[in-house]
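Use these hints to put chain W onto chain R, whose structure you have.
Protein sequences appear in the order of chains R and W. Residue numbering for the first sequence is 1 to 178, as defined by this note's numbering. Residue numbering for the second sequence is 1 to 544, as defined by this note's numbering.
These aren't lab readings, by the way, just hints derived from the structure by calculation. Do not rely on the hints blindly, as some may be mistaken.
[What the hints assert, rightly or not] Under the rule of at most 25 Å between Cα atoms (straight-line distance), these lysine-lysine pairs were calculated in the PhoX-like manner:
id	chain 1	residue 1	chain 2	residue 2
1	R	Lys162	W	Lys392
2	W	Lys118	W	Lys14
3	W	Lys246	R	Lys42
4	R	Lys23	R	Lys37
5	R	Lys30	W	Lys246
6	R	Lys37	W	Lys256
7	W	Lys474	R	Lys114
8	W	Lys102	R	Lys162
9	W	Lys14	R	Lys114
10	R	Lys42	W	Lys312
11	W	Lys257	R	Lys37
12	R	Lys42	W	Lys273
[Unchecked claim] Covered by chain R, according to a simulated footprint, are these stretches of chain W (three or more residues, beta-carbon under 8 Å):
id	stretch
13	197 to 203
14	281 to 287
15	296 to 306
16	345 to 359
17	372 to 386
Predicted model, so just to flag it, every value in this text is computed and none were measured. Ideal Cβ placement from N, Cα and C applies to all residues, glycine included.
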Amino acid sequence: MVATTAKSASKDQAPERASKPSKDVDRRLKRLDITMKRNQYKGDALIEVLHAAQDAFGYLEEDVLVYIAQGLKLPLSRVYGVATFYHLFSLKPTGAHSCVVCMGTACYVKGGGKVMDALQDELGIEAGETTPDGNVSLMAARCLGACGIAPAVVLDGTVMGKQEAQQVLTEVKRWENG
Amino acid sequence: MNLTELLDVAAAEKARQRPIKVHCCTSTGCRSANATAVMGNLQQAVENENLSDQVEVIGVGCMGFCGRGPLVQIDPQDDLYEEVTPEDAPSIIEALNGGSAKSIKGDAQHPFFARQMKIVRQHSGKVDPERIESYIALGGYQSLFKVLYEMEPVDVVGEIQQSGLRGRGGGGYPTGLKWATVAKMPGNQKYVICNGDEGDPGAFMDRSVLESDPHLVLEGMAIAGYAIGANHGYIYVRAEYPLAIKRLQKAIQQAKKYGLLGSQVFDSPFDFKVDIRIGAGAFVCGEETALIQSIEGGRGNPVPRPPYPAEKGLYGCPTLINNVETFANITSIIREGADWYASIGTENSKGTKVFALTGKIRNNGLIEVPMGITLREIVEDMGGGVPDGEVKAVQTGGPSGGCIPASMLDTPVDYDSLRAIGSMMGSGGMVVMDHTTSMVEIAQFYMEFCRGETCGKCVPCRTGTVQLYALLTKLLKRQATAADLEKLEALCLMVRDTSLCGLGQSAPNPVLSTLKYFRQEYDDLLVQPAYLNGTSSAAEAVTL
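Isolated chain R (complex conformation) (with noise of 0.2 Å):
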């Protein structure tokens, strides 16, 4: 549904939209544009440039998708069917900060899916989704590879080892109170 949404909208907003936005998108394009030259505008070079994209914009939006599509010469449903297929890549805007919980094995028989429940008690949320308010965004991680320390969780982007739900509680707490 959205790829047919992005292609009309591609029609209407011509590969030099980026005329207009400000400069901070402006500046943002253009590191998409050096990540596709990088890689001489190659179709394989996709899931690099969207990682790139996402890294720039936070989340991978249509005119993103549209732009890509555009850079790399390649139809809008491919870039489209890549950027939904991977669990990294987010067509949604995420929150200011990010909670992802381990849900490997090792963190699951050591307690991490409690943690996982006291998360989303707290936050009203599920695993995959974002406070209506646009502050915290909950994930469940397949594995970080950090077993020896389970259960593990990413409190915005660092790693804490042995982690107990009233210990993650407090963290997030501190958030919601701004």
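Structure of chain W alone, referenced to chain R:
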């Protein structure tokens, strides 16, 4: 670069090194326990104590005992300190000057360390992963020189075949045979791919090898490239492993600078360049045909084999795909000889295997053991058993493997014995469970994993995993009858026999193995059909 120059680099590095080396683990596990600050304080303490000309602090890769990190180890004394805090770190250096260390001193002779045999992890915890000179000083890149100047490609393949090395990614396909197949294929363009998409939850061997000793893998890949006639290699790494990616990038740059990768390796006609491809979170990409699709920038959908990647792989060219750990074995085989390697392990499983020993176990971390060791030796002697309790089961092989009951702990660890009891070697995850873990919940846990990770291409896997998950959930909600259990078993067999790729074919394994060994737990959850309970009317019973 020629051999003399390589040996000069090694000699210069050895001359630069200080007699006392303080190794501080800087891998992901210890890092999250504040190892970076520990290392900073150690360095500061060396200066404060005026020991700079005798002592050096080296940030190294994984030492294995991840559950007790951050770890600090001192050579040549072989002292090991566990759970070092930044505050206590200076006291470790003061101890070298006659003071006393406040940190917990570990037992370096504990079976956890003493029973290991290190080939893949030979340098882990000793070598500085961010400096190629450190690797060269340990004899690095000499095996590559040896194959380029003293061996024909066909001899290299022969050596690997004779060693009996089998693929460490889980399948256990003979590595030499795979190399020989690709080497025989016609065509000028061939590729080498290193599969570092370690998706099994509960496994982190490949991450550790890539973070601790990236050059060992690069050298192994270059040797493979020479043997099969490929000039281009790719390493596919999970995006979840940022440190491994960073260290690999650095390693590739350094190797290129020294002329050990890139054009005319060691001034020979052999070219070999290596590119990194970063995954984006899809378990199925560990399957070789899906991985190739992903490198080409597409969705990670597996394609039917044959043709195998050895005939028609990346960009339609013959491609060799091996796991990180497989490549990490190559340099040792070339250096020590195939006969030496074949003397380790059992008749059909040669060499060593790295396992990530985790779960409900006293000593958790990474171990490398010779094939043929029993599960009991690993879990009870090395791992120290379950804290306050007894082993109930050991899970090997991740979502593709199975649960081995405590009664079978005397099974030797090799490809065939594990397969015979319904599990598999897998890539090396070994999760220990005690009585607090419900086996049906574990089966449901893995099925939830496979349900989420199926690529959706073939029907048995796409819908089968959803239905299996629903049946297991029904069981756990105490709503399932004996008929549901029968259906569960039949569906497991169907998904196993009819799925396209390894993910689907092995997805039912955790259910089948727990059904085989822990059937009582399933039976205990069953309820009587409603019409037998007397709670429903006769009319309802008829419709059932």
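Outcome of the hint check:
For a cut-off of 25 Å, the pair hint linking R/Lys162 to W/Lys392 stands: about 22 Å separates their Cα positions. As the CA atoms of W/Lys118 and W/Lys14 are separated by approximately 22 Å, the hinted pair is consistent with the 25 Å bound. Between the alpha carbons of W/Lys246 and R/Lys42 the distance comes to roughly 23 Å, so the proposed pair stays at or under 25 Å and holds. For the hint pairing R/Lys23 with R/Lys37, the CA-to-CA distance comes to about 21 Å; that is within 25 Å, so the pair holds.
A threshold of 25 Å between alpha carbons decides the hint, and for R/Lys30 with W/Lys246 the separation of about 23 Å falls inside it, so the pair holds. A distance of roughly 22 Å separates the Cα atoms of R/Lys37 and W/Lys256; the hinted pair therefore holds under the 25 Å criterion. Note on W/Lys474 and R/Lys114: the hinted pairing holds, with a Cα-Cα distance of about 21 Å set against a maximum of 25 Å. For the suggested pair W/Lys102 and R/Lys162, the alpha carbons sit about 23 Å apart, so the restraint of at most 25 Å is met.
A hinted pair counts as satisfied when its Cα atoms are at most 25 Å apart, and W/Lys14 with R/Lys114 does not qualify at roughly 50 Å. Between R/Lys42 and W/Lys312, the direct Cα distance comes to roughly 21 Å. Compliance with the 25 Å bound is thereby established for this hinted pair. A distance of roughly 24 Å separates the Cα atoms of W/Lys257 and R/Lys37; the hinted pair therefore holds under the 25 Å criterion. This hinted pair checks out: R/Lys42 and W/Lys273 have alpha carbons roughly 18 Å apart, not beyond 25 Å.
Counting residues of the stretch 197 to 203 of chain W whose C-beta sits closer than 8 Å to any C-beta of chain R gives 6, which meets the bar of three, so the coverage hint holds. Against chain R, the stretch 281 to 287 of chain W contributes 3 residues with a C-beta closer than 8 Å to a partner C-beta. That satisfies the three-residue criterion, and the hint holds. Counting residues of the stretch 296 to 306 of chain W whose beta-carbon sits less than 8 Å from any beta-carbon of chain R gives 5, enough to reach three: the coverage restraint holds. For the stretch 345 to 359 of chain W, the proposed coverage by chain R is satisfied: 3 residues have a C-beta within less than 8 Å of a C-beta in that chain, meeting the threshold of three.
Against chain R, the stretch 372 to 386 of chain W contributes 0 residues with a C-beta closer than 8 Å to a partner C-beta. That does not satisfy the three-residue criterion, and the hint is violated.
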